[in-house]
Amino acid sequence: MYILQALDIHKKFDSLKVLKGVSLQVEKGQVIAIIGPSGSGKSTFLRCLNHLETIDQGEIAIEGEFMARNGPDGFAIYSPEKEIDQIRRKMGMVFQNFNLFPHKSVLENLMLAPMLVKQADKAAAEDKARQLLEKVGLSPKANNYPFELSGGQQQRVAIARALAMEPDIMCFDEPTSALDPELTGEVLQVMKDLASEHMTMIVVTHEIGFAREVADRVIFMDEGLIVEEGTAEDVIVNPYHERTRAFLSKVLMAR
Amino acid sequence: MDYILMLLPSMLKGLTVTLKLFFLTLMLALPLGILMGMARISNFKPLKWFMEFYVWLFRGTPLLLQLLFMYFGLMTLGILLEREVAAYLAFVLNYSAYLAEIFRAGIQSIDRGQYEAADVLGLNRFQTMKNIVMPQVFKRVLPPIGNEVINLVKDTALIYVLAISELSRVARTHVMRDDTFVPFIIAAIFYLIMTGTVQQFFKWLESRFDYYR
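Going line by line, the protein sequences match chains A and B. Read left to right, the first sequence gives residues 1 to 255 (the working numbering). Read left to right, the second sequence gives residues 256 to 468 (the working numbering).
None of these hints come from the bench; they were simulated from the model. Some clues are possibly wrong.
To be verified - Here are the simulated SDA-like pairs of lysine to any residue, each with C-alpha atoms no more than 25 angstroms apart in a straight line:
#1 A:Lys90 / B:Gln369
#2 A:Lys20 / A:Asn70
#3 A:Lys104 / B:Gln369
#4 B:Lys394 / B:Asp433
With the rest of the complex left out, here is chain A:
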C-alpha cells in the first residue's frame, strides 16, 4: 500500500489551469523531490495534497484513506470534514516563509498544537518540544521569540513544530527559498537527518544538489504536468526530456 497516492489531479484558479493531471505515488520512507520552474504548479500540487487548496478532479488518499475522489460526474468529491481532519493529521507541512507564531516563544510554538489538538498535557508537550529542539540544534533558543532568530533557525523551529505533531509524512514547500544562501545548509542538514531516519518526505525545492543527494525519486514538473520522473541519476544527471535539460542548465548555471 502506498502511504500517499494522488491520481490525475486537476486544479484551476478561475480559468487558469494550474494542474492538468498530476499523479504521484509515494511509498513509506521515500524522499520525493519535486523540481521545476516557477509557475509549473509544483507548490500548488503540494498544497493540494495537504488540503490547503481544493482540487477540481482526481483522487487523493493517505494511508489508504480517501481525502477526495472523483464522483460520477468526474469531479472530485471531498470526504466529510471530520475524516479529512484525521487524514491531514498524518501530514506535517513546512512553508517557504516559516510562518512561525510571532507572539509565542520557540518552545510555545512547538507545544501549542500538541496541547490544543492532541490534548497532550503540558509537561509531556514540553518534554517532546525540548527533545525536538535538541534534534534541530536549537535547545538554547527555547525561550526566544521568532524575531530574535535567523531565517535558518526559524525554519528549523518550523520543522520541529511540524514534527511535534508526529506526522507520518513531511511536506516541504520550498523550505530554503526565503533564506540567505549561507543559511540554507543548516536547514538542508536537518532535512537530511530526517531522511536518514526514514521519514517520508515530499520536498518542493530549487536545491538541485539536495535533490540529487537525498531524494529517492525526482519529479520534474512544468506547465501543470509531470514532464519527467525517476531516480536523481535519471532526472538530474541524464535528463531525457529537452525541457528538463533546459531547466537544469539554467538552474545549475546560476550556481
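Given the coordinates of chain A, assemble chain B onto it according to the supplied hints.
Then chain B, alone, in the frame of chain A:
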C-alpha cells in the same frame, strides 16, 4: 479659591456622569466591536452586508444626531427611553461601528500564512482565532483604539443635548450663572486628566506587547 471649592461638588457629580457613560460605552462597545469586526468579514454574505450597512449608518451620521434620534426620534415613534439610556444606546452603537472597523482591519492585516500554519497543525477555526489571530490583532489595534478611547472621553460632552448634566454642561451652567470663565478651565483640567490617564494606560499596554515583533 473659595469659589473653586464651592464648584467642586457639582462638578465632581458631573464628572461621575461622564465617567459612567465612558466606562459603560467601553465595556459594551469593545466586545461588540470585536464581534462586529469579525461579522464584517464573514463568509455569510447577508451578515457581511448588514454590518457594512450598519457601519455606514453609524459612522456616516453625526453622533449628535444619533443622540437626538435615540431620545426624541424614538419618542415620536412611541418608544420613550430614559434620557441616560438613550445616551448609552447611541454611544454604544456608534462606538461599536468605529471599533468594528478597527478590528476588521486588524484581522485582515494578519498574514494568511498564520492561518495556514494553524490549519496544517490541526487547529480548528475557533482555536486559530483565539490563540493565533486575535492575540496578534490586539497588539496591532492598540494605537487606533487608544485614539478612539480618547475621542470617547471628549465625545461624552455631547449628551448635554439630552439635558443630562455631565461635566461640561455643569461647567456651562456655572459659567452662565456666575459670569466667570473659571468652571470651563476646571472642566478642561478634568478632561486633560482623563485623557492623560488613557494615554498613559495605552502606553503601558503597548509596552506590555513589546516582547515580540
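Each hint tested on the structure:
1. A:Lys90 / B:Gln369: Holds, because 20 angstroms separates the two Cα atoms, which is no more than 25 angstroms.
2. A:Lys20 / A:Asn70: Roughly 15 angstroms separates the two Cα atoms, so the pair holds.
3. A:Lys104 / B:Gln369: holds (12 angstroms)
4. B:Lys394 / B:Asp433: violated (48 angstroms)
Comparing the model with each earlier hint shows a violation of hint 4 alone; every other hint is respected.
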